[in-house]
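Work out the full structure, taking the sequences as your base and the hints as a guide.
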Amino acid sequence: MIWRKKKKLQTHHPVSEPSTRLEAFAYCPVKNREVLAEELEGGKMVLTYPLVIRPWLAGITRRLGLQSREPLTRRLQLDEMGSLTWSLLDGKRSVEDVVDLLCRRYKLNRREAEVATTGFLRELGKRGLIAFRPPNEDEKEKST
Amino acid sequence: MNNRSLDSWKTVAWNGISIRVPSQWEVSSLAKSYLQLDDGMGPVLELKWQQVKGVFSHQDHLKKLARHSRSVPGLHFQHTSLPEEWRQVLGHFETQCFQWQGGEIQGKGVVLYCPASKQASLLQFYQQKGVDGSEVHLGVLDSFRDLCEQDMVRWSLFGLDALVPKSFHLVRYRFEPGHYQLEFKDGQERIDLWRWGPADLLLSKKDLRRWFEKRCRELDWCRSTDIRDDNYHGRPALSGKSLGSHSLAARLWARMSRKFPNVWIRIWHLSSQNQILGVAARSLKSLDEHMLEKICRNYDMA
Numbered sequence: 006m007i008w009r010k011k012k013k014l015q016t017h018h019p020v021s022e023p024s025t026r027l028e029a030f031a032y033c034p035v036k037n038r039e040v041l042a043e044e045l046e047g048g049k050m051v052l053t054y055p056l057v058i059r060p061w062l063a064g065i066t067r068r069l070g071l072q073s074r075e076p077l078t079r080r081l082q083l084d085e086m087g088s089l090t091w092s093l094l095d096g097k098r099s100v101e102d103v104v105d106l107l108c109r110r111y112k113l114n115r116r117e118a119e120v121a122t123t124g125f126l127r128e129l130g131k132r133g134l135i136a137f138r139p140p141n142e143d144e145k146e147k148s149t
Numbered sequence: 003m004n005n006r007s008l009d010s011w012k013t014v015a016w017n018g019i020s021i022r023v024p025s026q027w028e029v030s031s032l033a034k035s036y037l038q039l040d041d042g043m044g045p046v047l048e049l050k051w052q053q054v055k056g057v058f059s060h061q062d063h064l065k066k067l068a069r070h071s072r073s074v075p076g077l078h079f080q081h082t083s084l085p086e087e088w089r090q091v092l093g094h095f096e097t098q099c100f101q102w103q104g105g106e107i108q109g110k111g112v113v114l115y116c117p118a119s120k121q122a123s124l125l126q127f128y129q130q131k132g133v134d135g136s137e138v139h140l141g142v143l144d145s146f147r148d149l150c151e152q153d154m155v156r157w158s159l160f161g162l163d164a165l166v167p168k169s170f171h172l173v174r175y176r177f178e179p180g181h182y183q184l185e186f187k188d189g190q191e192r193i194d195l196w197r198w199g200p201a202d203l204l205l206s207k208k209d210l211r212r213w214f215e216k217r218c219r220e221l222d223w224c225r226s227t228d229i230r231d232d233n234y235h236g237r238p239a240l241s242g243k244s245l246g247s248h249s250l251a252a253r254l255w256a257r258m259s260r261k262f263p264n265v266w267i268r269i270w271h272l273s274s275q276n277q278i279l280g281v282a283a284r285s286l287k288s289l290d291e292h293m294l295e296k297i298c299r300n301y302d303m304a
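Just so you know, the protein sequences line up as chains A and B, in that order.
Take any residue in the first sequence, count from 1 to its spot, add 5: that is its number in the working numbering.
Take any residue in the second sequence, count from 1 to its spot, add 2: that is its number in the working numbering.
Don't read these hints as lab results, they were simulated from the structure.
You may find that some hints are simply not true.
[Said to hold, decoys possible] Below are the BS3-like pairs computed for lysine-lysine, each with C-alpha atoms no more than 27 Å apart in a straight line:
| # | chain 1 | residue 1 | chain 2 | residue 2 |
| --- | --- | --- | --- | --- |
| 1 | A | K49 | B | K216 |
| 2 | B | K208 | A | K112 |
| 3 | B | K55 | B | K65 |
[As the list claims (entries may be wrong)] Which bits of chain A does chain B cover? Going by a derived footprint, with three or more residues having C-beta under 8 Å, they are:
| # | region |
| --- | --- |
| 4 | 22–29 |
| 5 | 83–92 |
| 6 | 108–114 |
| 7 | 117–131 |
[Stated by the list, open to error] Residues of chain A clear of chain B, computed beta-carbon distances all greater than 10 Å:
| # | residue |
| --- | --- |
| 8 | L77 |
| 9 | R80 |
| 10 | R138 |
Glycine included, every Cβ here is placed at the ideal spot set by N, Cα and C.
Here it is as structure tokens:
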């Protein structure tokens, strides 16, 4: 069959995905080391992060000689709440801790803070600005 | 039921029904006549309700539920008799009880019909097998009220608490992080309840007026009002109203151009809750300011 659907490669995922909401909230967001955070006046932040180009697009630009030598970057300006949330990500605090802190700081309804925080972290994750570490990963690291 | 534990419960009121639930339960799914609550682990309570125009039959509804359950593999549905303690707290309703089991989860529910208000409601509790939630379920059922008989209907959800005249029906609602909105309609008259937050972020480096003028660009119909700084019960506020002409030609033009000539707005900063609340009304006819003042008085954040 010419149009046979390609089989997906079986990849081994060493990190297990959370199966429940509570488990997901115990994960710790960890910042990408390549992201540069710059603080503006008024406490707002701008994040500069390297842009990852898809390999096929990178191939085309290379062949056409359009690829610049300097790595491509993008900037993301955060509002005050986003900036505060970013500053709270220290690799030790879990998503739940961040939600708790925002609830207390802004007197937010718990569910509202959860929706806002998880939406924001999801956006950061999509852009590769953060990753999520499972809660027991720290203990594993210590024991090894 | 332990009174002390009930004190920490909260009220959820939506479109004519009201219940009290444990404080950790939160609404996870919402429609005009539907609520689902979860406790952080999964769904715990589901409610549906509607006004019945003709004769209400419990049997028909249970048959419908049984038929629906047959389409779900591994689900066993059965009618049961109403437990005695449930009967005591649901005395003024006509009731029919049911339960189902499927996998690790089981459910128990009741179909209620109030002959006075002609409102039928369905409540069902979800629970893990082997977990006894009977005391909590009894407390929730005891607190269940359909508010069809009252002049003002309570709306209490996600910390918002408001009373709106019964004649106004919910048209639209929005619960997004940072912004809640409920829009009601009674004929040609509309009422909006707003909540914005966190106020200290929204009002950083600008006052309420400047912030609302920016926000007002999205609310086209607010522009006709002469917004002025005000003080509402000691809180910084904005008030404004525009009164349309009562001439026949003006009313006809308003109707044709779909512009509401009568607009009334009040926005106030609730600093204790770090929120900004707003009540606005628009109509082709003149507005009842006493009613709007009453809505403002009863609008608060928990």
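Hints versus structure:
no.	hint	in the structure
1	A:K49 / B:K216	holds, 20 Å
2	B:K208 / A:K112	holds, 20 Å
3	B:K55 / B:K65	holds, 19 Å
4	22–29	holds (count 3)
5	83–92	holds (count 3)
6	108–114	holds (count 4)
7	117–131	holds (count 5)
8	L77	holds, 31 Å
9	R80	holds, 21 Å
10	R138	holds, 22 Å
Violated hints for the displayed structure: none, as all numbered hints are satisfied.
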